[in-house]
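Here's the letter readout for the chains.
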Amino acid sequence: MEHDPTDPIHQFQITRIVPIQIGDWDFSFTNSALFMVLTVAVTTAFLYYTTRGRGLVPSRGQSITELSYEFTANMLRDAAGTAGMKFFPFVFSIFMFVLVANLFGMVPYFFTVTSHLIVTFALALLVIGVVVGYGFYKHGLKWLMVFVPSGVPGYILPLVVTIEIVSFLSRPVSLSVRLFANMLAGHITLKVFAGFVVSMSALGTLGVIGSILPLLMTIALTALEFLVAALQAYVFAVLTCMYLNDAVHPHH
Amino acid sequence: MADKDTGSGEGAERPQAPANSDPADAAAWDARRAALEAKLAEHRVRQAAETERERRPGTMQGLAEGLKLGSEFVAGVVVGAAIGYGIDRLAGTLPFGLIVFLMIGFAAGVRNVLRHVSPSPAAKPPASTDAPKRPVD
Chain A
1 MEHDPTDPIH QFQITRIVPI QIGDWDFSFT NSALFMVLTV AVTTAFLYYT
51 TRGRGLVPSR GQSITELSYE FTANMLRDAA GTAGMKFFPF VFSIFMFVLV
101 ANLFGMVPYF FTVTSHLIVT FALALLVIGV VVGYGFYKHG LKWLMVFVPS
151 GVPGYILPLV VTIEIVSFLS RPVSLSVRLF ANMLAGHITL KVFAGFVVSM
201 SALGTLGVIG SILPLLMTIA LTALEFLVAA LQAYVFAVLT CMYLNDAVHP
251 HH
Chain B
253 MADKDTGSGE GAERPQAPAN SDPADAAAWD ARRAALEAKL AEHRVRQAAE
303 TERERRPGTM QGLAEGLKLG SEFVAGVVVG AAIGYGIDRL AGTLPFGLIV
353 FLMIGFAAGV RNVLRHVSPS PAAKPPASTD APKRPVD
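From first to last, the protein sequence lines stand for chains A and B.
So for the first sequence, the numbering used here puts the first residue at 1; every next one is plus one.
So for the second sequence, the numbering used here puts the first residue at 253; every next one is plus one.
One chain only, chain A, in its complex shape (with noise of 0.2 angstroms):
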């Protein structure tokens, strides 16, 4: 199928590359799946070569293996404390493949896992899961205090307790949201603009002179899509560190 190439949504379109149905699921492996394989295969694959070594000085790539880990772990101590650190692996691991993924999005070509909703609500959706599921098996229906602020009358508490029902519900969804709509937005802006390189340079000489302001935009932009991208990782593993917080210690 040709397509404009200047099209800023064709990028995000879902490809089957190995069709595969089973009964009336469709479970094709599709270029989103191809991608996050290559992020899980390329995250790990980079961890474990770089500590391979185990130097006591440590190599450069050790430097940044050991650099994430610390990072991690100072953020998820600041927020949950030390009882939180057993999360330390789940955290790791989200806050490396969003990064990952959202780096991997910045290379021509290549498909952004992180711009469809349904990737980035699934992560915020195991998120909130392990804080429940936590919760209750560890402090059993005594969690659901959680939702009780203390010194509160008890004449206000049925509303407070259904605002903050509320308040708790909306959590996987502005974690998801804005991940995707951080990752999307960046994405259809950043093509836009270079589609304006394509279509003003295809006007002639004065086209490609003033084709320099589209491209320059679009230089920027990149810069600004690399920051995005780390950034949005970073608030992802931020909020799941504060959420599993109130999996750890639910009286607040």
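Hints are supplied without guarantee of correctness; some may be wrong.
Unchecked claim - Below 25 angstroms or equal to it, Euclidean Cα-Cα: the simulated SDA-like pairs (lysine to any residue) are: (1) A/Lys-86 to B/His-368; (2) A/Lys-191 to B/Ala-276; (3) A/Lys-142 to A/Pro-153; (4) A/Lys-142 to B/Arg-367; (5) A/Lys-191 to A/His-10; (6) A/Lys-191 to B/Lys-291; (7) A/Lys-86 to A/Ser-63; (8) A/Lys-138 to A/Pro-108; (9) B/Lys-291 to B/Ala-276; (10) A/Lys-191 to B/Leu-315; (11) A/Lys-138 to B/Arg-367.
Honestly, the hints are just simulated from the structure, not real lab data.
Computed from a predicted structure; not experimentally measured.
Following the hints, complete the assembly by docking chain B onto the known chain A.
Coordinates of chain B only, in the frame set by chain A:
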């Protein structure tokens, strides 16, 4: 003897100088201690300011903060409206559940934002020790 006294005096709080010294000497010790105390306090203030500054490295943190708060608020309203609409669909009371839960969702959105901007004053011990380090979360 005097050595021992000053040695233990460092650990515990001992306002006096070695016991066998004359009052003038004790006054000199006190003056020295006061001067040191003042210098230490000044140093601590500067140290606190330094860590405070390091904690917010400008645009990156601010940008993250802005995006976070905005989406937190919107998510509260949207989820509230969705719950209200769902209740309406089940109970057939179309506008009312939507209206009520839209307002509750608004409150939840404000609650979300407030939770993120203010370190909770009644935080539990592990969080309260961490709170000064990262109140923005």
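Check: Hint by hint, which ones does the structure fall short of?
Finding: 2, 6, 8
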